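Given the coordinates of chain A, assemble chain B onto it according to the supplied hints.
Chains as they are written, first to last, in the working numbering: chain A, 185 to 621; chain B, 185 to 621.
Do not take every clue at face value.
Just so you know, same-sequence chains aren't split out, so a pair can sit in one copy or run between any two.
The calculated lysine to any residue pairs, modelled on SDA-like cross-linking and capped at a C-alpha distance of 25 Å, are [unchecked claim]: (1) Lys211 <-> Asn524; (2) Lys418 <-> Ile572; (3) Lys590 <-> Pro253; (4) Lys211 <-> Arg508; (5) Lys211 <-> Leu440; (6) Lys211 <-> Leu525; (7) Lys211 <-> Thr441; (8) Lys590 <-> Gly358; (9) Lys418 <-> Val364; (10) Lys590 <-> Gly491; (11) Lys590 <-> Ser563; (12) Lys211 <-> Ala523; (13) Lys211 <-> Ala277; (14) Lys211 <-> Pro526.
Just so you know, the hints here were simulated from the structure itself, not pulled from any lab data. The structure displayed is predicted, hence computed values, not measured ones.
Protein chains: 2
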Amino acid sequence: MTEYRRLRVALLGAGAVGSQVAALLRKHGDELADRAGAALDLVGIAVRDLDAPRDTDLPRELLTTDPEPLIVGADIVIELMGGIEPARTHILAAINSGADVVTANKALLATHGPEIFEAADQVGASVYYEAAAAGAIPIIRPLRDSLAGDRVQRIMGIVNGTTNYILDRMDREGSEFSDVLADAQALGYAEADPTADVEGYDAAQKAAILASLAFHTAVPLDGVHREGITSVDKQMMDAARHAGYVIKLLAVCERLTGADGESISVRVYPALIPREHPLASVHGANNAVFVQAEAAGDLMFYGAGAGGVQTASAVLGDIVSAARRHIAGGVGVGESTRANLPVVPIGRVTTRYQITLEVDDEPGVLATVAGILSEGRVSIATVEQTVIRESNGEPGVARIVIGTHKAVEQDLSETVDRLAASGVVERVVSVLRVEGN
Amino acid sequence: MTEYRRLRVALLGAGAVGSQVAALLRKHGDELADRAGAALDLVGIAVRDLDAPRDTDLPRELLTTDPEPLIVGADIVIELMGGIEPARTHILAAINSGADVVTANKALLATHGPEIFEAADQVGASVYYEAAAAGAIPIIRPLRDSLAGDRVQRIMGIVNGTTNYILDRMDREGSEFSDVLADAQALGYAEADPTADVEGYDAAQKAAILASLAFHTAVPLDGVHREGITSVDKQMMDAARHAGYVIKLLAVCERLTGADGESISVRVYPALIPREHPLASVHGANNAVFVQAEAAGDLMFYGAGAGGVQTASAVLGDIVSAARRHIAGGVGVGESTRANLPVVPIGRVTTRYQITLEVDDEPGVLATVAGILSEGRVSIATVEQTVIRESNGEPGVARIVIGTHKAVEQDLSETVDRLAASGVVERVVSVLRVEGN
Numbered sequence: 185m186t187e188y189r190r191l192r193v194a195l196l197g198a199g200a201v202g203s204q205v206a207a208l209l210r211k212h213g214d215e216l217a218d219r220a221g222a223a224l225d226l227v228g229i230a231v232r233d234l235d236a237p238r239d240t241d242l243p244r245e246l247l248t249t250d251p252e253p254l255i256v257g258a259d260i261v262i263e264l265m266g267g268i269e270p271a272r273t274h275i276l277a278a279i280n281s282g283a284d285v286v287t288a289n290k291a292l293l294a295t296h297g298p299e300i301f302e303a304a305d306q307v308g309a310s311v312y313y314e315a316a317a318a319g320a321i322p323i324i325r326p327l328r329d330s331l332a333g334d335r336v337q338r339i340m341g342i343v344n345g346t347t348n349y350i351l352d353r354m355d356r357e358g359s360e361f362s363d364v365l366a367d368a369q370a371l372g373y374a375e376a377d378p379t380a381d382v383e384g385y386d387a388a389q390k391a392a393i394l395a396s397l398a399f400h401t402a403v404p405l406d407g408v409h410r411e412g413i414t415s416v417d418k419q420m421m422d423a424a425r426h427a428g429y430v431i432k433l434l435a436v437c438e439r440l441t442g443a444d445g446e447s448i449s450v451r452v453y454p455a456l457i458p459r460e461h462p463l464a465s466v467h468g469a470n471n472a473v474f475v476q477a478e479a480a481g482d483l484m485f486y487g488a489g490a491g492g493v494q495t496a497s498a499v500l501g502d503i504v505s506a507a508r509r510h511i512a513g514g515v516g517v518g519e520s521t522r523a524n525l526p527v528v529p530i531g532r533v534t535t536r537y538q539i540t541l542e543v544d545d546e547p548g549v550l551a552t553v554a555g556i557l558s559e560g561r562v563s564i565a566t567v568e569q570t571v572i573r574e575s576n577g578e579p580g581v582a583r584i585v586i587g588t589h590k591a592v593e594q595d596l597s598e599t600v601d602r603l604a605a606s607g608v609v610e611r612v613v614s615v616l617r618v619e620g621n
Numbered sequence: 185m186t187e188y189r190r191l192r193v194a195l196l197g198a199g200a201v202g203s204q205v206a207a208l209l210r211k212h213g214d215e216l217a218d219r220a221g222a223a224l225d226l227v228g229i230a231v232r233d234l235d236a237p238r239d240t241d242l243p244r245e246l247l248t249t250d251p252e253p254l255i256v257g258a259d260i261v262i263e264l265m266g267g268i269e270p271a272r273t274h275i276l277a278a279i280n281s282g283a284d285v286v287t288a289n290k291a292l293l294a295t296h297g298p299e300i301f302e303a304a305d306q307v308g309a310s311v312y313y314e315a316a317a318a319g320a321i322p323i324i325r326p327l328r329d330s331l332a333g334d335r336v337q338r339i340m341g342i343v344n345g346t347t348n349y350i351l352d353r354m355d356r357e358g359s360e361f362s363d364v365l366a367d368a369q370a371l372g373y374a375e376a377d378p379t380a381d382v383e384g385y386d387a388a389q390k391a392a393i394l395a396s397l398a399f400h401t402a403v404p405l406d407g408v409h410r411e412g413i414t415s416v417d418k419q420m421m422d423a424a425r426h427a428g429y430v431i432k433l434l435a436v437c438e439r440l441t442g443a444d445g446e447s448i449s450v451r452v453y454p455a456l457i458p459r460e461h462p463l464a465s466v467h468g469a470n471n472a473v474f475v476q477a478e479a480a481g482d483l484m485f486y487g488a489g490a491g492g493v494q495t496a497s498a499v500l501g502d503i504v505s506a507a508r509r510h511i512a513g514g515v516g517v518g519e520s521t522r523a524n525l526p527v528v529p530i531g532r533v534t535t536r537y538q539i540t541l542e543v544d545d546e547p548g549v550l551a552t553v554a555g556i557l558s559e560g561r562v563s564i565a566t567v568e569q570t571v572i573r574e575s576n577g578e579p580g581v582a583r584i585v586i587g588t589h590k591a592v593e594q595d596l597s598e599t600v601d602r603l604a605a606s607g608v609v610e611r612v613v614s615v616l617r618v619e620g621n
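In isolation and in its complexed conformation, chain A is listed as follows (with noise of 0.2 Å):
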């Protein structure tokens, strides 16, 4: 047996992740202690209530529902409590006691990562949080090291596993979402308070730190527009099937390049993609990450986007990478921000989209719409009409899908407000952006 130095390692949480890091860091100790070069030792897990039930038995003596002392003295910290508070501050606490810090707290990170980092970086310390953007999925040191020397031009990702699970099911058994939702939830596939998964705002969070760091530069959480999945029923999947494409909930992290220099925007919303998009491809609540680099190209990243034993996988990992740190001496690698780029603004993005309207089955409606997308600055490139509703004493309805050219969000918003307004048009039935080629 090697002799290891030994590193003191402080749990605060143990829930779905945080008991399973604490049994795999008991069953594999010696085997982790190989591979870090350090033994691992487990001296304390920070719990709320010591008689909560749990996932995994926990040696009760490691239990203690006081932080504080735990986080002194310890050489890596793993926060997995979840939450900005007391996480933040705990974390911060840990950093300015010389640990290492490990987490997988995107809510905090994507609100108060710059402070953490930099925090850090003043001491030296490293802050590793793989399992923050897409459960067990390595992507973050993909990003941070192996594509340290490309730039990265777009990131498009199928970040949460819950609406991805739901519109997968939609799309394949022609379900409604309502129902789909119900089912989840029994199956425990979505919570009984979905609002943070099907609303986005799960996703918007790893959007940031996705964003973050591949655009080195620090994405505030309010420069994410967001839009959820809950106007998305039955007609538009099967409209997206009809024409070949799928409907997913997408992060997308994007770099513009304008005549003003460079800006970056990040949004999340459902989008039409191809069916032979490799994200299209991406079943159940799975997670997937694609990301385009000027000299790499394409390249995809798939695997559980959750689930507690999956995350405990990428927590380990970070573990190790810690211990190794702490063993080698040096001081961490901070964060790049230097990059700085502005967030733009959704108004100013440019996509193309899929137009659905209902309109009167009438002569020269069809024309007016086209005059009206024509002033609007937005560009036809197909146009799909069907009668709906023959006309039979009243007014006929025929249904017009219209996909365009590129256009800017703005005013692509404003034609769409005026097609509404326009007499002709009885009813925008949705309107949804296409990514993916």
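Structure of chain B alone, referenced to chain A:
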């Protein structure tokens, strides 16, 4: 402008990858300096021929035919010469003079990896080789760092772009191997001498590197079982398609658990994989590595497997990592071979098989075939028999396609020999392993 410490970078080799690395180092110098925390001064490029034509313009004054003075005094040495010697000698000299090393040399690492990693370990240097395993796909860091706290069970990789391009076209177009190969050569997807690719040598080197890393075991190249794709013909492709499979050249690295402890198997061969498996949709010259880990579950990494500029992206990521480590101080992370699991020969490997036979179309033949399989401890899962030539004066011929349950390679191979010698089998058309379910 931040004033950075300057690091001396020496480049050995200016071929397709090397010339792109040199160009990107110069083009993105400021950006790379910000990311690395150090200015990267390209102090020289060692080449064989000063006047050889190159893909990019390189400053003549940086070129030299004498690598030794370059290596001495460099902080980072980038070896992109390829081949065993003099690359090995130069890398060892670089390590011993205190440099960190970046290399894309899979042939060297697959044969002399342990010697090189041992030398680096002795002096606390690091060796980076992200570009050696699957081109631009970040797979080394995920295996070494992200999954460091997990246990990899299995890797299935499409790690050779040329063979995937050929098999994909054979599958899509129904073409013959030789026709597609000739076309691939004309288009630059295959070399004039395609042996290294089509016989699986390139894939075997990458398999040895991936298995060494994933299983913390020094896997010698001759421990890798290797079969190429030259025997794959249109008929096999058609039969695979008919049965819901596609044929891919796979590098399989597998952890085996037996009564006498753990061992590993590393093998490269054309195998049937189900159409719905994520690896089945890897088209063209792309690569993908599918990883199954105990905690993380299924992960897949996808991207361009080759190409000068794509591979250069991986090399630059390594250069930035090497620079950060050089600046941070401390010692490098050695390659862990602490597990040193035995590598089992192909005969002890267990997989499913698909056996295609042409037999006499006579009563009792299927019973004879089934009897031989049963005696050979090969259990039948599926059988499909079709008459391919009616008995018409001369004896008829039937084709039998047998899908087996998991069987031991040694048993299977002996059983196939017995089938061939049985008198009822006219011809063993093909024996293919089935992977991925």
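Check each numbered hint against the structure and report the violated ones by number, ascending.
-> 3, 8, 10 and 13
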